[in-house]
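Enquirer: One letter stands for each residue in the lines below.
2 protein chains.
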Amino acid sequence: MFMRIDHIGIACHDLEAKIKLFAETFELTVVAREVNEEQGVKEAMLLVADGAGGGSYIQLLEPLSPDSPVGKFLAKRGEGVHHVAFGVPDVADAMDKIGAKGVRLLDERPRHGTMGSQIAFLHPKDVGGMLTELVQAARP
Amino acid sequence: MFMRIDHIGIACHDLEAKIKLFAETFELTVVAREVNEEQGVKEAMLLVADGAGGGSYIQLLEPLSPDSPVGKFLAKRGEGVHHVAFGVPDVADAMDKIGAKGVRLLDERPRHGTMGSQIAFLHPKDVGGMLTELVQAARP
Chain A
262 MFMRIDHIGI
272 ACHDLEAKIK
282 LFAETFELTV
292 VAREVNEEQG
302 VKEAMLLVAD
312 GAGGGSYIQL
322 LEPLSPDSPV
332 GKFLAKRGEG
342 VHHVAFGVPD
352 VADAMDKIGA
362 KGVRLLDERP
372 RHGTMGSQIA
382 FLHPKDVGGM
392 LTELVQAARP
Chain B
262 MFMRIDHIGI
272 ACHDLEAKIK
282 LFAETFELTV
292 VAREVNEEQG
302 VKEAMLLVAD
312 GAGGGSYIQL
322 LEPLSPDSPV
332 GKFLAKRGEG
342 VHHVAFGVPD
352 VADAMDKIGA
362 KGVRLLDERP
372 RHGTMGSQIA
382 FLHPKDVGGM
392 LTELVQAARP
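Sequences listed follow chains A and B, in order. If you want the working numbering, it's the 1-based position in the first sequence plus 261. If you want the working numbering, it's the 1-based position in the second sequence plus 261.
Just chain A, with the same shape it has in the complex:
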C-alpha cells in the first residue's frame, strides 16, 4: 500500500526563516513553494530524496491565520512535526482499504495537495496519535 515516506510536515511561525535554516543546515533544496488557501497555509517542499514513484520531502508549513488548523496546532503545541505523509499508488483505493479497517478518514474524497498531488488525511486517534496523510503524487 505504501511506496515511500512522502514527507514530514513541520509547522512553523516564520516560513522564510525555517526554509533558510533547513536548507543550510541539511544542505537541502527547495523544489516548490505554494499557498494553499483551502488548508490555510503557505508552504515549501525541500527535497530529501528522489524516487521513481515520487520523492521524499520536508514540508514546512506557516499558517495564513491563527484560526487555521496549523495556526491552532502552533498555539497549542508549538513548532514541530504536524503530520506525516505516505506515498500510495492510488489515493482513492488506499482510502477505501484503510476506511474498511475502521480508521476514520478526515476527507470524504481526495483533495488537492502540494505539487499537483491528490491527498487525504486519516484521523490521528485511529493511527497512534499521528496525523497521517496519504499522497498520490502527480507523477505516474
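Misleading hints may appear alongside valid ones.
Pairs involving identical chains hold if they fit within one copy or between any two copies, as the list cannot separate such chains.
Derived lysine to aspartate or glutamate pairs resembling EDC-like cross-links, with alpha carbons at most 16 angstroms apart [claimed, not checked]: (1) Lys358 x Glu369; (2) Lys303 x Glu340; (3) Lys333 x Asp351; (4) Lys303 x Asp328; (5) Lys386 x Glu340.
Hints in this document: simulated from the structure, not taken from any laboratory.
With chain A's structure known, arrange chain B on it following the hints.
Expert: Leaving out everything else, chain B in the frame of chain A:
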C-alpha cells in the same frame, strides 16, 4: 547529506497493540524487534520502502519505564510522533557538518541504533522543534 527519510519514531503505550494496528491497517511487515536498554525502549521496525542505501520505516517505541525519555514524552504529550530520522552515508561526518552550523548535538559521538545502525540526535530547538536523528545504516 540526506539519502532518505529513514524512519518516523512513534511513541506508544502498548507496543504489541500498535504493531497489530499499523501492520494490519497499512499492510506493513515487521522486520525487526529490539530492546534498547540504553535508550529505555522496546521497539519494532515496520518496513515502508526498501532502498539501496537503507530502508524507510515506521518505528514503534514503548518505554521500559515512566522515567525514560519516551516515558516522559508519553506523559507530557501522549501517543504520537516522537522523532524523525534521516539516513546519511556517514553519521560522524554529518555530525561534524551540522554541528559546525551551530546546531547542538545531543550525542558527542555516534551510538548504537536499531538494526546495527550508528546514530546521533540533534537538539529539537535548533531544528524547528523536531527531535531529529541521523542514521547510518549497517548496510553499505
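Enquirer: So which hints don't hold here, by number, going up?
Expert: 3
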